[in-house]
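Residue numbers (our numbering), protein chains in the order written: chain A, 1 to 104; chain B, 1 to 312.
A portion of the hints provided could be inaccurate.
Said to hold, decoys possible - Short derived list, chain B residues pointing at chain A, Cβ under 7 Å:
id: 1; residue: Thr9
id: 2; residue: Tyr84
id: 3; residue: Thr120
id: 4; residue: Pro133
id: 5; residue: Gln172
id: 6; residue: Tyr179
id: 7; residue: Ser181
These are calculated hints, taken from the structure and not from any lab test. We put the CB at the ideal spot given by N, CA and C, even for glycine.
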Amino acid sequence: MAEKRWQALIELSALEPDDATPVEFNGRLFGVYDTIDGYFVSDARCTHAGANLCDGYFDGKHIECPLHQGLFDARTGTAIAAPVTRNLRMIECRVNGDVLEIYL
Amino acid sequence: MATVVTPITQALEEGALTRRELKQLMQRSNGPALIRLALFLVTMLATGSLVYISMGTPWLVPAMFIHGIVLVHHFSLQHECIHYTAFKTRWLNELVGNYCGLVIMLPNRFFRYEHCDHHTYTQLTGQDPEMIPMPDRLGDYLYYLSSIPYWKAKFTELGRHCAGRLSDSEKQFTPKTEYKSLTLEARLMAAFYIIVALYSIATANTSVLWYWWIPVLLGEPVMRAIRMTEHVGRPAVYQMKVNTRSNHVNPLCRFLCWNMNYHAEHHYASSVPFHALPKLNKKLNGYVHNEPGGYLGAHLDILRQLRKKPHD
Numbered sequence: 001m002a003e004k005r006w007q008a009l010i011e012l013s014a015l016e017p018d019d020a021t022p023v024e025f026n027g028r029l030f031g032v033y034d035t036i037d038g039y040f041v042s043d044a045r046c047t048h049a050g051a052n053l054c055d056g057y058f059d060g061k062h063i064e065c066p067l068h069q070g071l072f073d074a075r076t077g078t079a080i081a082a083p084v085t086r087n088l089r090m091i092e093c094r095v096n097g098d099v100l101e102i103y104l
Numbered sequence: 001m002a003t004v005v006t007p008i009t010q011a012l013e014e015g016a017l018t019r020r021e022l023k024q025l026m027q028r029s030n031g032p033a034l035i036r037l038a039l040f041l042v043t044m045l046a047t048g049s050l051v052y053i054s055m056g057t058p059w060l061v062p063a064m065f066i067h068g069i070v071l072v073h074h075f076s077l078q079h080e081c082i083h084y085t086a087f088k089t090r091w092l093n094e095l096v097g098n099y100c101g102l103v104i105m106l107p108n109r110f111f112r113y114e115h116c117d118h119h120t121y122t123q124l125t126g127q128d129p130e131m132i133p134m135p136d137r138l139g140d141y142l143y144y145l146s147s148i149p150y151w152k153a154k155f156t157e158l159g160r161h162c163a164g165r166l167s168d169s170e171k172q173f174t175p176k177t178e179y180k181s182l183t184l185e186a187r188l189m190a191a192f193y194i195i196v197a198l199y200s201i202a203t204a205n206t207s208v209l210w211y212w213w214i215p216v217l218l219g220e221p222v223m224r225a226i227r228m229t230e231h232v233g234r235p236a237v238y239q240m241k242v243n244t245r246s247n248h249v250n251p252l253c254r255f256l257c258w259n260m261n262y263h264a265e266h267h268y269a270s271s272v273p274f275h276a277l278p279k280l281n282k283k284l285n286g287y288v289h290n291e292p293g294g295y296l297g298a299h300l301d302i303l304r305q306l307r308k309k310p311h312d
């Protein structure tokens, strides 16, 4: 298994401002959230039925699944409201210049 | 972990609308729902007054029927609430959804879970828990419209949940951690009805019959007829472009059903609130199945298909 390292995910200018952006990276789909507390990255698939969360409603803090309206805190990945019961897997991220990097 | 291509993801990929347009349409607000709720309650008060002034006259049954049509449309508001799209404030959706559920005997939390699978497996036989099958014969069609099978199912469901049991199919869509909360919800609902009934008997007050339950029973066939127009007669396939109908209906019907006549649009993007569905309908025009003849047109379509069905 390769050692974790910081890797460039996407340029900040390519992200939807104040919104969720789906980003495919090495065959995996991530959700990048431009929240009121900065950028956060998670697996983009809902832990309930696998829908792409980035197509859901985002209010700056929470991301809502587009299929069943389950709710997650986009900053911590915490599953907040039914039908989701399992937290999102968050990916550590940082801004380096004008690029968002993930530790993966 | 299974992944799904949701209808909205498919629509975005096929260019039916852009992500920016979708985000705009998904914006939530409390204002439109509060205004419509106030108008809805005033309408209910008005039709309830019709019942009051027609007491002791031959107009009582027609008045209760009209009042019942309004009452059963609590379903439409509850449906919007379980999607958390009626109000921006999530607890308002919970509060109003539970109120609606009490009016029409549909436990809110249970409905929320059941409805999830309806959206995941829309119109798939054996998987969609809310699927209304295409009737085989005219008798089956009329029997469904009578609401008898609906009420039988609802009473059985409530009794089962009060007893702390879920059916195998209900276990498919309910997380194990929620079994107890569905039992509690059913018991609280049953307790509420028992208290209302006991109070009515103790005070010899029959208002709940004339203003609530008889109208609901009289009005339910109208809701069954509306529910049939959403999917019945459409192909029983996964493809959302064809398995759901949007019905073009008059403004009064749109008001009562909280724009849920735009049903195909709702299934495409269930995060879009009711007040933005007409805009989404314009945007997805030609992409989803529209029935220009409205509820009547949908039923004529169902009856046409019924006539062509082989009966042996």
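Structure-based check of all given hints:
A least Cβ separation of about 5 Å between B:Thr9 and chain A falls short of the 7 Å threshold, and the interface hint therefore holds. At a threshold of 7 Å, the smallest CB-CB gap from B:Tyr84 to chain A is about 5 Å, leaving the interface hint in force. With its C-beta approaching chain A no nearer than about 6 Å, B:Thr120 sits inside the 7 Å limit, and its interface hint holds. Because the smallest distance between the Cβ of B:Pro133 and any Cβ of chain A comes to about 24 Å, over 7 Å, the interface hint for this residue is violated.
The interface hint given for B:Gln172 is broken, as the beta carbon of that residue sits about 12 Å from the closest beta carbon of chain A, more than 7 Å. Of the supplied interface hints, the one on B:Tyr179 is violated, with its beta-carbon coming no nearer than about 12 Å to a beta-carbon of chain A, more than 7 Å. The interface hint given for B:Ser181 is broken, as the beta carbon of that residue sits about 9 Å from the closest beta carbon of chain A, more than 7 Å.
In this structure, the earlier hints numbered 4, 5, 6, 7 are contradicted, and the remaining ones agree with it.
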